Amino acid sequence: MSSAEEVVRGLAGRSFAGVDDFSNQELSCVLALAAEVSKDRAAFSEVCRGKIMASLFFEASTRTRLSFETAMLRLGGQLVSAIDVGATSLAKGETLADMARVVGGYADLIVMRHPWEGAARVVADYAGIPVINAGDGGHEHPTQTLCDLFTLQHERGRLQGLRIALWGDLKYGRTVHSLAFALARFGATVVFRPGVGFAAPEHVLSKLATDYGGELVRGDVLLQADGEGVLPVDALYMTPRSPHQLAMLPHLSAQLELDQGVDALYVTRLQKERMQAQKGDLRPEDYPVVDRKLLRRKGFERSIVLHPLPRVDELSLEIDSDPRSLYFKQAHQGVPVRMALISLLLGCSPRVTEPAEGLGDDWRPVSHPVYTHDTGIRCPNERCVANQPSELRYLPQKFVLIVGTPPRVRCWYCDHEMEPPVIATAEAYDEPTHRRKYHPARSRWAAAIRPENLLLSASSEEAEAAGFRPGVV
Amino acid sequence: MSSAEEVVRGLAGRSFAGVDDFSNQELSCVLALAAEVSKDRAAFSEVCRGKIMASLFFEASTRTRLSFETAMLRLGGQLVSAIDVGATSLAKGETLADMARVVGGYADLIVMRHPWEGAARVVADYAGIPVINAGDGGHEHPTQTLCDLFTLQHERGRLQGLRIALWGDLKYGRTVHSLAFALARFGATVVFRPGVGFAAPEHVLSKLATDYGGELVRGDVLLQADGEGVLPVDALYMTPRSPHQLAMLPHLSAQLELDQGVDALYVTRLQKERMQAQKGDLRPEDYPVVDRKLLRRKGFERSIVLHPLPRVDELSLEIDSDPRSLYFKQAHQGVPVRMALISLLLGCSPRVTEPAEGLGDDWRPVSHPVYTHDTGIRCPNERCVANQPSELRYLPQKFVLIVGTPPRVRCWYCDHEMEPPVIATAEAYDEPTHRRKYHPARSRWAAAIRPENLLLSASSEEAEAAGFRPGVV
Amino acid sequence: MSSAEEVVRGLAGRSFAGVDDFSNQELSCVLALAAEVSKDRAAFSEVCRGKIMASLFFEASTRTRLSFETAMLRLGGQLVSAIDVGATSLAKGETLADMARVVGGYADLIVMRHPWEGAARVVADYAGIPVINAGDGGHEHPTQTLCDLFTLQHERGRLQGLRIALWGDLKYGRTVHSLAFALARFGATVVFRPGVGFAAPEHVLSKLATDYGGELVRGDVLLQADGEGVLPVDALYMTPRSPHQLAMLPHLSAQLELDQGVDALYVTRLQKERMQAQKGDLRPEDYPVVDRKLLRRKGFERSIVLHPLPRVDELSLEIDSDPRSLYFKQAHQGVPVRMALISLLLGCSPRVTEPAEGLGDDWRPVSHPVYTHDTGIRCPNERCVANQPSELRYLPQKFVLIVGTPPRVRCWYCDHEMEPPVIATAEAYDEPTHRRKYHPARSRWAAAIRPENLLLSASSEEAEAAGFRPGVV
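Residue numbers (this note's numbering), protein chains in the order written: chain A, 1 to 473; chain B, 474 to 946; chain C, 947 to 1419.
Since the hints were made in silico from the structure, they are not lab data. All values reported here derive from a predicted model rather than from experimental measurement. Hints should not be assumed to be uniformly reliable.
Unchecked claim - Within a straight-line C-alpha distance of at most 20 Å, the following computed SDA-like cross-link-like pairs (lysine to any residue) qualify: (1) A:Lys51 to C:His1314; (2) A:Lys329 to A:Leu317; (3) C:Lys997 to A:Asp40; (4) C:Lys997 to A:Ala42; (5) A:Lys51 to B:Arg487.
To be verified - Chain C regions said to be covered by chain B (calculated; three or more residues, Cβ under 8 Å): (6) 1014 to 1022; (7) 1245 to 1257.
Backbone N, C-alpha and C fix where the C-beta goes; we use that ideal spot for every residue, glycine too.
Given these sequences and hints, build the entire structure.
If you want it as structure tokens, here you go:
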């Protein structure tokens, strides 16, 4: 039995709540099958006969929904759907877990969009059937990332070693965050080119550095090097093709990367609703429009142009007929990509497709230990599913521990991170009460506590309420 | 030809606007087929190929809708749907009859939820295709009752002789009313255990007594007998397994029933929207929460727990993993039950399933005579379909007569009952004008009028306007 | 190869944004196939297997939508739908062209209703797949016209020579406008019988006269002739069965037409929303109700009654059981008609059906030259798709030229017409600047300019800004 067969078999019955739910090999097998579907759609037209997909959209998203629904129908499956369900009983006081258990007994697969971050994870835990996240607030939209990877791989023949410029709103766009992480995993170089005030948030950059094993070069260094100002990038992230060299000469390597131009421009929409808040500040030149002029500049001669759509003004209509403009093709490829994913999760794929470049190594993101102590710390993200009144009743706060000085916790559901200011050690419970001490998270005492013994508190008051006293400062 | 075959054949083309549309034998055949579907779903996957169900939801109800739609798709059928159609032309000035005639020419089956009570009956009268009521205001939701009966029968092996406690909001919940009537028909004992202020309405209790031939024992009697206060029931309804004995010793029998515990707790949701109106009054102890503690009490050791969902607080999350908690299974069984019903109404059932316990007697509710005189009385229910401006134009007021002293009328559409205060006799038309008399409904003169001659008026004024004078008092 | 085969082959891949997109032969082939579908629906049940229709309703229209969706399902096809999408990304800032290109890559066919007039034309231009207009504002609803023609032909055996009275609201009802044009094309006589204040707009009457080659007789003449006032028509439009005779005796012919009664009454809804604005003025007798009494009058003895539904009060419920009342049958025939159209556009029709009356001549509406100069004139219709902010960015103003004195332009998208007041000649560009003159549109100078040289301006200012000076007056 080939390894691809094992990988494919392992996908049946699984959920896809976030990109990191799948290993690189698993993602590669989905992309490889998508290429098959794209070439020979007819061969898949009866693959999901008798299966039902529940399309649950708690937020409007016609484009993504139609793409998923088309995919299911093209596999011979069927649909039940609940759209804009904010007002119905599914939302009224009922928990996501109850909803998941009920719908999980009707359908064979759930595709869900929901405003709460981490909602798809919870539904996946309770539904008993595969769940695909079609967007959970500002958190993840992993099938968009699959489509992006597919288009890049399809147009450029590979992912490893590609140079991709992320363009425009890198602050709010969940699609660029997921894509940056995925590109890092596959060994691509990511160039950040935000509009003024739309830089990628620190937690995204820090996760790139912490979790994916590559090298982050900040823009201030790059800008000095960039004589012509052609590509005034904010940051650049490189994954190790030859790690040793990188470690030696990161800034030089970075400049070499930039000098070769980019393989793709990944443009994102200027979010008008947010612009109005800062209208006085935003000048047209602050938001980089991709137009005919830009595409003639050095470094972009062979860049393909992608966009998750809908676009507004950031992508000029004049380049629609340029052969490098692939955003409509990219949108269309959402159907075969989702067909591949659905058929694999439902265990209905009629064949096993070996990725053209082989399976590669089965790289996974760094696996952080679960923080198992209930010390009262809470996820700071108010849109997190674990902070919603209906869900609080049954959903525990849950974190993974990012070891370091200071240590951080990352929410299990929504991936928000937090640096608890106060730290103690679980070993203290073996000590007499008066010797139980807590310390500032950044102190040397804190650094000495072994990760498995860390007790984190949101404040001194909380630590003291739990029976600890201030340590030596 | 077996009798079950005849029963099944008789269901093709029929509508299911209320539970009493079907005889016991018919309900039994639906439940028997549902059991078949549940065991071997694949055998039914092409049964309704080429058929279209119109899913018309004039009120939001995601759960019920998804259950119906899943059922139709699992039979190989297809869907067209109109959801939240309040704003469209289907609702704007157009009559239900016109809508029914148009959609009846498109689809093969209509499933409808509508806020007007009796709406499904009207649509069934005009559509020319089978119509299933998926909820008409506070009136009926007969497929929920089918699902409840199915789960009870499936888990307990029978319906006759079961003891079922109806729990929680027995005042507003249409599901418990329909279920109580159906249980009465199948010879189960119904125990009413409402929250404070949520007792079953008088008209429900009175219909149980009038129409279903059993024995109603009021709670005041039972409470005295109930030393421990374990089950402070409000009322208890028993159908005659040995009718003579019951007639002789009702209260003793009642106590014997209670002493044996209940086979099932049927819990209903505390309607939060109504609670706020009476917040000052409702104490937590007033609404009986079903939790681990309750399930340990005497009489509940082997009670299964059912709930039509969604739940709020009345059903503790802590019992979800208790093997007696069957509410999610109950929700899932909505699909095979509706598959059975749909395939029978469409005449598509591939087989005839003899009920495991045999067909039983073909018991039907008491059939009351239609009140045929147009004496101006109107249904008192303002949510009744016959009282809506658009429907008034073509829909006559229509009643059945509940014979008694005083006589009552029950609305043909919404089942609301009324006791017209003034009564005359149709024979008076043979008398000289000055001898045409009317009487108070509760007078001995009224009692002497034969039912077929009764003329009912909403007031003395109305009777006098119709040419009658006050009778001897 | 037969001619019908060629016609049918030519329909594959086409769009149907307006009735005039199809020649008479093409319309006849759709109607002929619809008759086949109507007779033997089962033969078409797998014809569109594997095809997906995107049902995009940017305005509520349950009836039309259900009819289209039923049609697609009855052909074995599948649906994705977006209903009431005003609030989603499809509408938010995105152009129709982008939406069309994206959805065109998902589905095989688009059915769209949209409030902007001409929207379906734009979507048809960009989608790359067939597009059917299911209503674009007050502009067209061409499949309703197909259904109307089908019912008339089916019930009367032909279209040519029929006398059809259009009844009720002839001002706002787009269905009657399209129907009038189509009837003119097929050689029927159209009798206009509006409610007071609901006469057909001048542009509809003028288009009948300009484009369809028949004879328009105004009502003032007819009213004098109509002794009994039986049919106080507003206008009458006759297409030439024997053109010479008509030209000689139009008024006499008109009277002869009326004397023979009408073959069909086509009744339209009184638009209540508009009535309230003019409530004080509208008396019941102003809006002609079609009831039992009317149907007994001379000239209506054998008239069938049609209505696009929903009806309100203009069509009495008392005639529902009259055998001449065919409006429900007409609604039902929407399904086979749309099945025929869909299968032809998708190139899936399993057979070629020769129209019973033969193909007839391949009559098309008069083809007006495109006005190719960009002289700044704009469509005056604010609901026109070309005047919407999102569409302005890429959609040029575009017109056809209606040659005459004065010449008019008709919007390419929404068919609104305009008489530009100022005219010059393109030949002027060969003249010295000081000799470039403009003229009033109705002047004899204007009449002398050859159509291909006409330059039209919305005002003198505009003409002068373009370098022209006032001509000799």
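To see whether the hints hold, each was checked on the structure:
1. A:Lys51 to C:His1314: violated (53 Å)
2. A:Lys329 to A:Leu317: Cα-Cα ~15 Å, so holds.
3. C:Lys997 to A:Asp40: holds (15 Å)
4. C:Lys997 to A:Ala42: holds (11 Å)
5. A:Lys51 to B:Arg487: Not OK: Lys51 (chain A) and Arg487 (chain B) at ~29 Å, beyond 20 Å, violated.
6. 1014 to 1022: Answer holds; 4 residues pass the 8 Å Cβ test.
7. 1245 to 1257: holds (count 3)
Violated hints, in rising order: 1 and 5; the structure is consistent with all others.
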